[in-house]
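Trainee: Take the sequences, apply the hints, and build the full model.
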Amino acid sequence: MTDLERRYRRWLRAYPLVYRQVRGEEILSTLVEAAPANGVAAKDLIYIGIHGLRVRGSLLVHRFGQGTLPRSVHSATLILVFMVVVNWLNAAFAHNGPKNPSSHLANIVVGLVFVALALMIQAWSRFLYAAVIGFLMITMALSFVNSDLIFELNAIVPLILLIVGWRRYMAAIPPAQWPPRSPRTVPS
Amino acid sequence: MREPTFFVLTALARGPRHGYAVMQDIENLSEGRIRLRTGTLYAAFDRLSEQKLIESAGEEVVEGRLRRYYRLTELGSATLGAESRRRVSISKEAIRRLGLAGGLS
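One line per chain: the protein sequences are A and B, in this order. Residue numbers for the first sequence follow our numbering, so the first one is 125 and each next one is one higher. Residue numbers for the second sequence follow our numbering, so the first one is 611 and each next one is one higher.
These aren't lab readings, by the way, just hints derived from the structure by calculation. Idealized CB from N, CA, C, for every residue including glycine. Please note that the accuracy of each hint is not assured.
[To be verified] Straight-line C-alpha distance at most 25 Å; calculated DMTMM-like pairs for lysine to aspartate or glutamate: (1) B:Lys662 - A:Glu149; (2) A:Lys167 - A:Asp127; (3) A:Lys167 - B:Asp656.
[Claimed, not checked] Every beta carbon over 12 Å from chain B, so not counted as near; a handful from chain A, in silico: (4) Leu141; (5) Leu193; (6) His198; (7) Ser199; (8) Ile203; (9) Val205; (10) Val208; (11) Ala215; (12) Met244; (13) Gln246; (14) Arg250; (15) Ile257; (16) Phe259; (17) Val269; (18) Met294.
Mentor: Spelled out as C-alpha cells, the structure:
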C-alpha cells in the first residue's frame, strides 16, 4: 500500500463502517486515480469528510424511531421531554424569568440540551447513547462542585433509567446496512 | 435537475463508466468548467441510485484497485431525455428572444 493510499484510507473513516464495506474500495480507487501528481488533494479530503458526515447523518435519520425502545429508556426520554417543558415554561412565565435575562436564557438553553439528549437516545446509536449517559454523569458530577448548575439532581432519574436500560437498548439496535432500509425513491 | 447531476447522467449516456472515468468525462463535457470532487461524485451516485436513475453495472480489479461501473437505468435514460429536451427548448427560446437565431446556424 502506498503512502497516498494510506492517507486516503485514513480519511475514509469519515464514513460509517457499513458504507465503507460497500463503497470504500471503489472510492479509494477513484481518489488515487484522481490524485494530483504532487500528492493528496486537500479539497478531496474536505469533500470526503463532508460526504462521510452526510452518510452518517442519513443512517441516523433512517434509524430514527425504528423499533421499540426498552421501557426504562422510553421513560427516560419522557422525563427529558418533561424537563424541556418545565424549563421552557419557567423561561416564559417564572417571576424571575424574563426579568432576569441570564436565567431566562439559561432555561431556554437547558431545554434545548434536553431536546438534543432525547433525540440522541432515539437515534439508535451506541455512540450517542453512551454520549448521553456520559454527559449526564459529567453534569451530575459538576453539580456537586458548582451548586449553580441547573441540571443538579434533575438528571439523576433519567440517568439511572438509561443505565438500567443499557443492555436491552444495545441488544435492540437494528443492524446497520447500506443503502438504508427504507430508501426514499421519489425522483427529484 | 442540478447541473452536476445532469452531467453525471450525460456522462453515463454512452454506456457504463467507473467513477474516475465519469469525473474525466464531466470535465471534458463542461470544457473544464466543472470538476467534480470524489466526495461529490459519490454523493451523486448514492442519490441517483436511490432514485433508481442509475445502477451498478459490474466491477473489475485493475492494478489491484476496485473499479465499479455504473450505467443509466431505463428511468434514468427517460429522465435525462426529458431534461435535455427541456433545456434545448429553453435555450431555443432564449436564442429566439435575443434575436440570435440567424447568427448561430
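Trainee: Just double-check A:Val208 for me: nearest Cβ-Cβ distance to chain B has to come out over 12 Å.
Mentor: Holds, because the least Cβ-Cβ distance between A:Val208 and chain B comes to about 34 Å, which exceeds 12 Å.
Trainee: Is the Cβ of A:Leu193 more than 12 Å away from each Cβ in chain B?
Mentor: Fine: 28 Å to the nearest Cβ keeps A:Leu193 off the interface.
Trainee: What's the verdict on A:Lys167 and A:Asp127, does the C-alpha distance respect the 25 Å limit or exceed it?
Mentor: holds (18 Å)
Trainee: Within a Cα-Cα threshold of 25 Å, do B:Lys662 and A:Glu149 meet the stated pairing?
Mentor: holds (22 Å)
Trainee: Just want to verify: A:Ile203 was marked as not at the interface with chain B; is every Cβ pair farther apart than 12 Å?
Mentor: holds (37 Å)
Trainee: Checking the smallest CB distance to chain B, is A:Leu141 really beyond 12 Å?
Mentor: holds (16 Å)
Trainee: If we take the beta carbon of A:Ile257, is the closest beta carbon in chain B still more than 12 Å away?
Mentor: The claim holds: A:Ile257 sits with its nearest Cβ about 32 Å from chain B, beyond 12 Å.
Trainee: With 12 Å as the threshold, tell me whether A:Phe259 passes as away from chain B on beta-carbon distances.
Mentor: Answer for A:Phe259: holds, closest chain B Cβ roughly 30 Å.
Trainee: Could you check that no beta carbon of chain B comes within 12 Å of the beta carbon of A:Val205?
Mentor: holds (32 Å)
Trainee: Does the claim that A:Met294 lies outside the interface with chain B hold up, using a Cβ gap greater than 12 Å?
Mentor: holds (28 Å)
Trainee: When you look at the beta carbon of A:Ala215, is every beta carbon of chain B farther off than 12 Å?
Mentor: holds (39 Å)
Trainee: With 12 Å as the threshold, tell me whether A:His198 passes as away from chain B on beta-carbon distances.
Mentor: For A:His198, whose nearest Cβ neighbour in chain B is about 31 Å away, the distance exceeds 12 Å, so it holds.
In terms of the numbered hints stated before, the structure departs from none.
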